[in-house]
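Q: Listed below are the residues making up each chain.
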Amino acid sequence: MTFGFKILSTPIYTGENMDSKEEGNGSKSVEIKVLFFARARDLTGMTHMPLEVSQGTTAHDCLNRLIVKFPGLEEIRNCMVLALNEEYAPGSTVVKDRDELAIIPPISGG
Amino acid sequence: MDSNGVSSASDIRREIASLEAAKAQIEDRISTLQAQLSNCSSNGRAKEEIEENRFSAPSPTETISDGQLSADMIYRYSRHLLLPSFGVEAQANLLKASVLVIGAGGLGSPALLYLAACGVGRVGIVDHDVVELNNLHRQIIHTEAYIGRSKVESAAAACRAINSTVQIVEHKEAFRTSNAVEIMSKYDIVVDATDNVPSRYMISDCCVVLGKPLISGAALGLEGQLTVYNYNGGPCYRCLFPTPPPTTACQRCADSGVLGVVPGIIGCLQALEAIKVAGAIGEPLSGRMLLFDALSARIRIVKIRGRSLQCEACGENTTLTPQKFRDFDYEKFTQSPLSTSPLKLNLLPTNARITSKEYNERNIKGEAHVLVDVRPSHHYKIISLPKSLNIPLASLEARLWEISAALGRDEGDKTENDGSSASLYVICRRGNDSQRAVEYLHKMGFTSAKDIVGGLESWANDVDPKFPTY
Ligand SMILES: [Zn+2]
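If you read the protein sequences in the order shown, they are chains A and B. The numbers in full-length UniProt numbering rise by one with no breaks, and the one at position 88 of the first sequence is 88. The numbers in full-length UniProt numbering rise by one with no breaks, and the one at position 81 of the second sequence is 81.
None of these hints come from the bench; they were simulated from the model. Do not rely on the hints blindly, as some may be mistaken.
Stated by the list, open to error - In silico negatives: residues of chain A with every beta carbon more than 12 Å from chain B:
| hint | residue |
| --- | --- |
| 1 | 30 |
| 2 | 31 |
| 3 | 48 |
| 4 | 51 |
| 5 | 94 |
Unchecked claim - Across the chosen pairs, the derived CB separations fall in these ranges:
| hint | chain 1 | residue 1 | chain 2 | residue 2 | range |
| --- | --- | --- | --- | --- | --- |
| 6 | A | 74 | B | 329 | 24 to 34 Å |
| 7 | A | 60 | B | 398 | 50 to 60 Å |
| 8 | B | 143 | A | 74 | 43 to 53 Å |
| 9 | B | 461 | A | 94 | 20 to 30 Å |
| 10 | A | 33 | B | 365 | 42 to 52 Å |
Unchecked claim - Footprint (simulated), chain B over chain A, 3 or more residues, beta carbon under 8 Å:
| hint | stretch |
| --- | --- |
| 11 | 59-68 |
| 12 | 96-109 |
Ideal placement from N, C-alpha and C gives every residue a C-beta, glycine not left out.
Okay, chain A solo, but in the shape it has when bound (with noise of 0.2 Å):
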């Protein structure tokens, strides 16, 4: 068989169900906004998204769970910037409605 390769795909999607299952227990959900940069940009193919995740969730629970959407992702988790609304957030920081959270994995080009 020679049609029997589009598996890496469709794990996509497992995000999405964990937000639907927090909604259904009553807690409340906030939509922040990530940016992509340089290698992040690559790897997702896009340089923005929507996220929703549930109240409380931190800086460091938004990445991983980008990196589930995108196990590409893993590749730079090590070595980035990741600003909070254009600052510095330690991991333990907990996004609000609306932040913007920026993946910068440095550029070594010149």
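We have chain A already, so just place chain B with the ligand on it with the hints.
A: Structure of chain B with the ligand alone, referenced to chain A:
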């Protein structure tokens, strides 16, 4: 002095008049500032001096007392002198400053041109490369006449042509741990205009060891980044990126491409930040990172973390010394080469590979075969071999059936997809992706697949010298 040779009397009168106007403005500015200075509390003044000395920017008071600018300098830099927030002090600071630019490529080109033009006293250029035709779309300091010659010589000549009063120092060598401390210690400010990951760590560490401010710029594709490191208590490169990126995340302009004007813009901004630090004016981009996005025409400035106490280079318990720096293996640390030479994989046994010459002979003999080109489609559009089938590596998995179909067409309909009769060859640009593809094809049952060693580059070198390279 240089302009007086053939000037007419009216030219001279005009120049005197304009110099006198500039002089009047400068004197005006000096008296304003002296008035301001006497109003400042002595406490505030002392604190300022400590800050300045710590980061080796020359103290403005020195230059006002000892350094009168010459008439030529006043005329040349008059537009700087006329700027109230810059003026004669900042210009005098520039004239006394020295800046080392590491890399005379896309970033270094505009940075060097502006640093020379603006009158930085001494400018050092480090690079070991030669100018190539495919540099010229972005490395605007070089001209066609210098193709094949040293980038440092070319850049130095261009800088001297713009400003013969600036001292240009040529370092025609690769910047390595063995020579870094010696070269860098002769300069006040360092501009990182290199193009690879290990160099970025090496230069940042060396700046920490020697206490030099680092103006770091980078550009790739349609994006650029800029930060001033190790300045005024701000973070160093390792504070931000203690762990180097995996090699898969390290992209080079030679592979991913770059729009020429993007490093141009970042290089100009590097010159600007170097001028601010050298001139002791404004707020240099320390503790902040500028992100430039050419496609959407957006510039964002993100506040980054401060100095990390745990930083291996500049933190509290750092053990980084000049000696330790010299012994550190940056290529091993980052798993990537300091030179920009492309990666050469060797994944396959020799019987799974053929040379471009051999492939050419088999093709001429009329051997039944399918040639798969696994480069991205925008590469394929630049140039390709006749009758090759473009299936980019990224979509190989999903498009295997096309290979089966092509093999079937070529050799009647024998077996399903084992390719036992028609041969299967895989090519790419340089012979790395073709090996990855063949490895995968073997796993998927295409056991006869072979890669063409060295890719299209070797085709151009060994078979068809007229075949375009890029
Ligand atoms: Zn540090």
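Q: Taking the hints in turn, state whether each one holds.
A: Here is how each hint holds up against the structure:
no., hint, verdict
1, 30, "holds (21 Å)"
2, 31, "holds (20 Å)"
3, 48, "violated (10 Å)"
4, 51, "holds (18 Å)"
5, 94, "holds (18 Å)"
6, 74(A) to 329(B): 24 to 34 Å, "holds (26 Å)"
7, 60(A) to 398(B): 50 to 60 Å, "violated (34 Å)"
8, 143(B) to 74(A): 43 to 53 Å, "holds (45 Å)"
9, 461(B) to 94(A): 20 to 30 Å, "violated (58 Å)"
10, 33(A) to 365(B): 42 to 52 Å, "violated (60 Å)"
11, 59-68, "violated (count 0)"
12, 96-109, "holds (count 7)"
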